[in-house]
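2 protein chains.
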Amino acid sequence: MEKYHFTYDDIHHTAKDISDRVTASGYEPDVIVAIGSGGFIPARIIRTFLAKPILAVGVAYYDQEDNPTEEPRKVQWIEEAERKLHGKRILLVDEIDDSRSTLEYCIRELLRHHPAEIAVAVLHNKEKEKKGAIPSEVKRYYAGRDIEDRWVVYPWDAQDIDAHNAEAGRGRKA
Amino acid sequence: MEKYHFTYDDIHHTAKDISDRVTASGYEPDVIVAIGSGGFIPARIIRTFLAKPILAVGVAYYDQEDNPTEEPRKVQWIEEAERKLHGKRILLVDEIDDSRSTLEYCIRELLRHHPAEIAVAVLHNKEKEKKGAIPSEVKRYYAGRDIEDRWVVYPWDAQDIDAHNAEAGRGRKA
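First to last, the sequence lines map onto chains Z and S.
Just so we're on the same page, the numbering used here is the position in the first sequence counted from 1, plus 122.
Just so we're on the same page, the numbering used here is the position in the second sequence counted from 1, plus 122.
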C-alpha cells in the first residue's frame, strides 16, 4: 500500500488552513499545547498564525529502560500546571490522530487542571477504528485532512529530504 | 540590506549537517533540550538523526502583562530537572545565536542541575558583537552556518510559504 509523503510546504499549508478554521470558528486559544515530539513542528507553524505561546508536553510509549509500553508515560509535563492552565482556553496540537490514544491521554490529563476549554488540532486524522476516544468536554476538533489508514512519512523524519520530496512528488502524479 | 530567507529544506539540510558534525566529534547526547519556540523545529529534525528524546524549555522577553522585558523569563522549564538532567549529556538547540543572551541564560540555568556536559547547536550564528557569552563549561558549539548580521526569515514564520520560497529562490540567484 502506498505511503503518504508530505513535504514541509504541504505541512505549512495544512497548518495555515487549520489556523484559519480555528479563527473562523470563533475559538481564541490563550495557549497552544504541543504534544512532543510530533506536535512541535505543526504547533510552531500554527503559532505564526494564531500568535499564542506554546507549552510543550511529552509522552512516550517506552519506559525508563527503553522497553515498549502499552500506555503512554509522561516524559515532560507542564510545571505549575494549575496556575498556567486553570481557566485558559487550550489548543492541543499533534501531528496525527492515529489510534487516538495519545490525544485521549493528554486531554484527560489537561482536564484535571480545569481549563476553560480544550480544542484539538491535528494535521491528519486517519479514518479508522479508534482505540481512544475524545472526551465529551472537547467540543472543537480540527483535522487538517482526513486520510486513509496508510503509513505517513513526515518530512522531519526524512533521512534524505530530497529523496523524500521526490517520493512526495511521485505520489502526487500517481 | 538583503534579508536571509531559508526554506524548510535548507533548514533540514543544515540540521542534518549539524547532527553529522555532533556525531563525528564524538559527542553522544542523552537528551536534546529545545529552546522554544525557535528551537522546536531544528530540535525535532536533529532528533531524527541523533534519535534522542527532546525536552522543551521556553523563555520569553515579555512579562505576564505582555510588556517587553530586558531579561528573559521562564515560561516553561524542566520539571524534576535534577532527576532528568543530573549527570546527563545535553545538546541544547536553538535556531539562531544572535545576541547570545538567550543561550547564556539557558546554559546557566541548565548548569545548576549538574549535567555531565552541555553542548550547543544552532542553525545559524550571526557574526556580530555578542551581548551574552557562552560559559566556559561549554566546550562544544556547533553552528550550522555562520552568517552576516542581517535579518533572518525562517520558513515557519512565513504567512505565505510560497512567497517565502520565491524570496529564498531570488536570494539564491542574486
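Errors might be hidden in some of the hints.
In this list, chains with the same sequence are indistinguishable; a pair is considered to hold if it fits within one copy or across any two.
In silico DMTMM-like cross-links for lysine to aspartate or glutamate, where the CA-CA straight-line distance does not exceed 20 Å [said to hold, decoys possible]: (1) K210 / E150; (2) K174 / E187; (3) K295 / E124; (4) K174 / D279.
These are computed hints drawn from the structure, not numbers from a lab.
Query raised in the report: Any hints this thing doesn't respect? Which numbers, in order?
Result: As far as the earlier hints go, not one is violated by this structure.
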